[in-house]
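Protein chains: 2
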Amino acid sequence: MAAAASSLLAGAGSSSCAAISTRRTRVNRAVASLPSPSRTPCTPLRVSPARPLRNRVVASAAPAVQPPAASRVSTVVDVDLGDRSYPIYIGAGLLNEPDLLQRHVHGKRVLVVTNTTVAPLYLEKVTWALTHDNPNVSVESVILPDGEKYKDMDTLMKVFDKAIQSRLDRRCTFVALGGGVIGDMCGFAAAAFLRGVNFIQIPTTLMAQVDSSVGGKTGINHPLGKNLIGAFYQPQCVLIDTDTLNTLPDRELASGIAEVVKYGLIRDAPFFEWQEKNMTLLLAREPSALAYAIKRSCENKAEVVAQDEKESGLRATLNLGHTFGHAIETGSGYGAWFHGEAVAAGTVMAADMSHRLGWIDESIKKRVIDILEKAKLPIAPPGAMTVEKFKSIMAVDKKVADGLLRLILLKGPLGSCVFTGDYDSNALDETLRAFCDS
Amino acid sequence: MAAAASSLLAGAGSSSCAAISTRRTRVNRAVASLPSPSRTPCTPLRVSPARPLRNRVVASAAPAVQPPAASRVSTVVDVDLGDRSYPIYIGAGLLNEPDLLQRHVHGKRVLVVTNTTVAPLYLEKVTWALTHDNPNVSVESVILPDGEKYKDMDTLMKVFDKAIQSRLDRRCTFVALGGGVIGDMCGFAAAAFLRGVNFIQIPTTLMAQVDSSVGGKTGINHPLGKNLIGAFYQPQCVLIDTDTLNTLPDRELASGIAEVVKYGLIRDAPFFEWQEKNMTLLLAREPSALAYAIKRSCENKAEVVAQDEKESGLRATLNLGHTFGHAIETGSGYGAWFHGEAVAAGTVMAADMSHRLGWIDESIKKRVIDILEKAKLPIAPPGAMTVEKFKSIMAVDKKVADGLLRLILLKGPLGSCVFTGDYDSNALDETLRAFCDS
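Respectively, the protein sequence lines represent chains A and B.
Using the UniProt record's numbering, read the first sequence as starting at 1 and increasing by one per residue.
Using the UniProt record's numbering, read the second sequence as starting at 1 and increasing by one per residue.
It is possible that part of the hints are untrue.
Unchecked claim - Okay, the calculated beta carbon distance ranges per label pair: (1) B:ARG285 with A:ALA336: 53 to 61 Å; (2) A:LEU404 with B:LYS376: 52 to 60 Å; (3) B:SER312 with A:LEU314: 27 to 35 Å; (4) B:SER166 with A:GLU388: 17 to 25 Å; (5) A:GLY333 with B:LYS391: 45 to 53 Å; (6) B:LYS391 with A:SER85: 35 to 43 Å; (7) A:LEU404 with B:ASP154: 32 to 40 Å; (8) A:ASP308 with B:SER166: 21 to 29 Å; (9) A:ASP83 with B:ALA395: 53 to 61 Å; (10) B:ASP154 with A:PRO249: 31 to 39 Å; (11) A:THR386 with B:SER312: 19 to 27 Å; (12) A:ASN96 with B:ALA395: 34 to 42 Å; (13) A:SER438 with B:SER138: 40 to 48 Å.
To be verified - With a Cα cut of at most 20 Å, we get these calculated EDC-like pairs of lysine to aspartate or glutamate: (14) B:LYS158 with A:ASP152; (15) A:LYS310 with A:ASP78; (16) A:LYS310 with B:ASP83; (17) B:LYS376 with B:GLU309; (18) A:LYS411 with A:GLU362; (19) B:LYS389 with A:ASP161; (20) B:LYS310 with A:ASP83; (21) B:LYS149 with A:ASP154; (22) A:LYS366 with A:GLU286; (23) A:LYS149 with B:ASP154; (24) A:LYS149 with B:ASP161; (25) A:LYS158 with B:ASP154; (26) B:LYS158 with A:ASP154; (27) A:LYS158 with B:ASP152; (28) A:LYS389 with B:ASP161; (29) B:LYS411 with B:GLU430; (30) A:LYS162 with B:ASP152; (31) B:LYS162 with A:ASP154; (32) B:LYS411 with B:ASP424; (33) A:LYS162 with B:ASP402; (34) B:LYS391 with B:ASP402; (35) B:LYS411 with B:ASP361; (36) B:LYS149 with A:ASP161; (37) A:LYS391 with B:ASP161; (38) B:LYS158 with B:ASP133; (39) B:LYS162 with A:ASP402; (40) B:LYS310 with B:ASP402.
Read the hints as simulated data drawn from the structure, not as lab findings.
Quick caveat: nothing in here was measured; it's all calculated off a predicted structure.
Every residue, glycine too, gets a C-beta built ideally from N, C-alpha and C.
Next comes chain A alone, as it looks inside the complex (with noise of 0.2 Å):
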């Protein structure tokens, strides 16, 4: 599968455009299988030998780790932030590899932070890859309920009373395992944690790992709106072992696939290209073609990430689809519609409304609806969702300034979008009226 995986990044890496922020990218053998994605001709992405992973920069006195032959590292994507910098691993096994994770992990002890459905499959695992040849470094674990609807104060609760009556110190290491809601709720504790301590992602949803696990937002939701109370706060790496989406439900894949076609939609037409031909392969789980989605998506959030952590302005593009996706979360209640869902049906809800503005072509809308239903996702709110309740959730969005809501819409050709509070409020109206009954 290793093989397989890389086989596509290489015929990707050969003939697309660089991400600013990727760095580094070591392409095994480049044996092409799959439609290569058609980019138009640009600066090719720079192939260069991975960085070796003998550098062990742990603080325990444990003895150092050989590390493997021949690692299987297939692409490191470099999320570009100064000196909060980090970098995502992405390849097929990387949890076998003990090295790549000891080597960011500061301090003696470490909290992995899980839930029920994950820990039986993975927290054995990713404990003997923090542990193995490394008998200094001890591990605790705290398993929370799974679901959206946990991501709140009281289970952020638990991971602060775990961290302190086994009286974790500042030299310790928070470690996220699972999917976004693990990663954002990890991510705050690990934050606010004696006002900060360093972390881990180890996303396991494909949500997480083209999305969520990458750029430092953390937070937790409140019963009136989806992530109100949070932080920015990079994490020291993003470990993605491909090879833990072989036990990700179908419908939590589709979700993850909403946040890929997200990326070609504000920002990279041809890989929106690329998901039209490919989605059967990547619903299928094609490892190379997934391994290619992951990688383009986290290049594309990276370089975004790197231009605007805080998101005074370009970060909020990658909120398509999300203001009335949000809506649709936080009022058919948390947990009901997994996080894509709900941002698909938002994705198609701010096509239309750009189609009512006359900011994109029909064609375009067209195209929307089509490749999401190809993908399963919705593409309309729930029947529960009214238009006053949407009115009324939205106003309490993150990207409200000064009363003023700013919306994500696509704007011009394929591949385009604005963030902007600018529109005429007319076609918000009637787009909420056509997804509405009531």
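Using the hints provided, position chain B relative to the given structure of chain A.
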């Protein structure tokens, strides 16, 4: 009172060492009325006219406010933290100067966080200062119960609830009006609400004015330890209206003096000597003595914070007596003792341990006890504190690193200290046994 308050500032300004980070000081009339602090000769404090207060930086379209003909700002101490730098305004009657506050408000919405004790005294005045000639700004407030025992997650959630129910957005400003508990909670709420909004500190207790409002440490307590959950988050400004001390109970005034004494002990021997001479005036609330003590404390804190914002080393020295003190606060139930009372007893314990280690002369230990006794502060922990209680609580102190408890201890001549885990633990045991019945 303003003139009186400025007189000693002038005296100090012309004869004392300059704080590195004190870039602006406005002195009214220089009328020497108090013994000026004896300082070793060094670079005089730079005295220059205050910056004109004409530049209102508010987002609203409110008509410009003319500054008062004669501003009563006595002193501005700058906290130099690059793009997070901010001024500390110190003076009598500053809440009567709307412009001073308004220039630091971002957006049109303000949330004042205060408590049941302070609200009846100053909420109306602060609301007036925020809105006077500034009709575009609207002010909400949340009034929390008063006391350290409410510095918890449940109370913090009330701030989020109010902010969300009021539909505050990212361009709002939180204002902390009260003592250290309010400042810590409001600051952490501002750090976490929508992942960070602007905030302003208006400290109304001596403790908050000389210490907790400056430097960006925010947070809440956990049942197992003090300030274990929080963030480093800097305010837009700190506004210290020394008139607010007129309503402060004696016991709270003394509590603040414990931190003033701390600055002298850890880094400013001339200030300690000045306190020894002027303690009676401080307790009698002589305005110029208080104003000088506040200014010199803020200068000391600003210098330390500018060098080590996130407490990688030097900043920890500001916690002299605090490890013992936090244990007393946690062990005897938050709120039983005021923070400064616990710090006072903790400072005596730190001095005792330093003396047992042979690091300071007995005379220094005696001067520590004498000055704290003179300030009517406790010089020993409450009877309920046992050796075991101290040890188990101190084990989760934030200054523990990889299992080693680091302490701030006095070492060398007056005004010198170390932050270290390299001490004979027998001395710690002996100190604990000497101060505990069991």
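_Pairwise hint evaluation, ASP83 (chain B) against LYS310 (chain A), where the allowed Cα distance is 20 Å at most_ = Distance ~14 Å between LYS310 (chain A) and ASP83 (chain B) Cα, so the pair holds.
*Quick one, are LYS158 (chain B) and ASP133 (chain B) close enough, alpha carbons at most 20 Å?*
violated, 30 Å
*asked:* Check whether the Cα positions of LYS158 (chain B) and ASP154 (chain A) lie no farther apart than 20 Å.
replied: Holds: LYS158 (chain B) and ASP154 (chain A) sit about 14 Å apart, inside 20 Å.
*Can the suggested window of 34 to 42 Å be confirmed for the beta-carbon pair ASN96 (chain A) and ALA395 (chain B)?*
holds, 36 Å
*Restraint status (C-alpha distance of LYS366 (chain A) to GLU286 (chain A) at most 20 Å)*: Given that 20 Å is the threshold and the Cα spacing comes to 26 Å, the pair is violated.
*Within a Cα-Cα threshold of 20 Å, do LYS149 (chain A) and ASP161 (chain B) meet the stated pairing?*
The hint holds at about 18 Å.
*When you take the CB atoms of GLY333 (chain A) and LYS391 (chain B), is the distance between them in 45 to 53 Å?*
The hint (45 to 53 Å, Cβ to Cβ) holds, given that GLY333 (chain A) and LYS391 (chain B) are roughly 47 Å apart.
_Between the alpha carbons of LYS411 (chain B) and GLU430 (chain B), is the straight-line distance 20 Å or under?_
holds, 18 Å
*Verify the proposed pairing of LYS310 (chain B) with ASP83 (chain A), using a straight-line Cα cut of 20 Å.*
holds, 14 Å
_Need the status of pair LYS411 (chain A), GLU362 (chain A): alpha-carbon distance at most 20 Å?_
At roughly 12 Å apart (the allowed maximum being 20 Å), GLU362 (chain A) and LYS411 (chain A) satisfy the hint.
*Given a hinted range of 53 to 61 Å, is it respected by the beta-carbon distance of ASP83 (chain A) and ALA395 (chain B)?*
Distance hint for ASP83 (chain A), ALA395 (chain B) is violated at roughly 31 Å.
_Satisfaction of hint between ASP154 (chain A) and LYS162 (chain B), Cα-Cα up to 20 Å_ = This hinted pair holds, its Cα atoms lying about 18 Å apart.
This entry does not satisfy hints 9, 11, 13, 17, 22, 38, going by the numbered hints stated previously.
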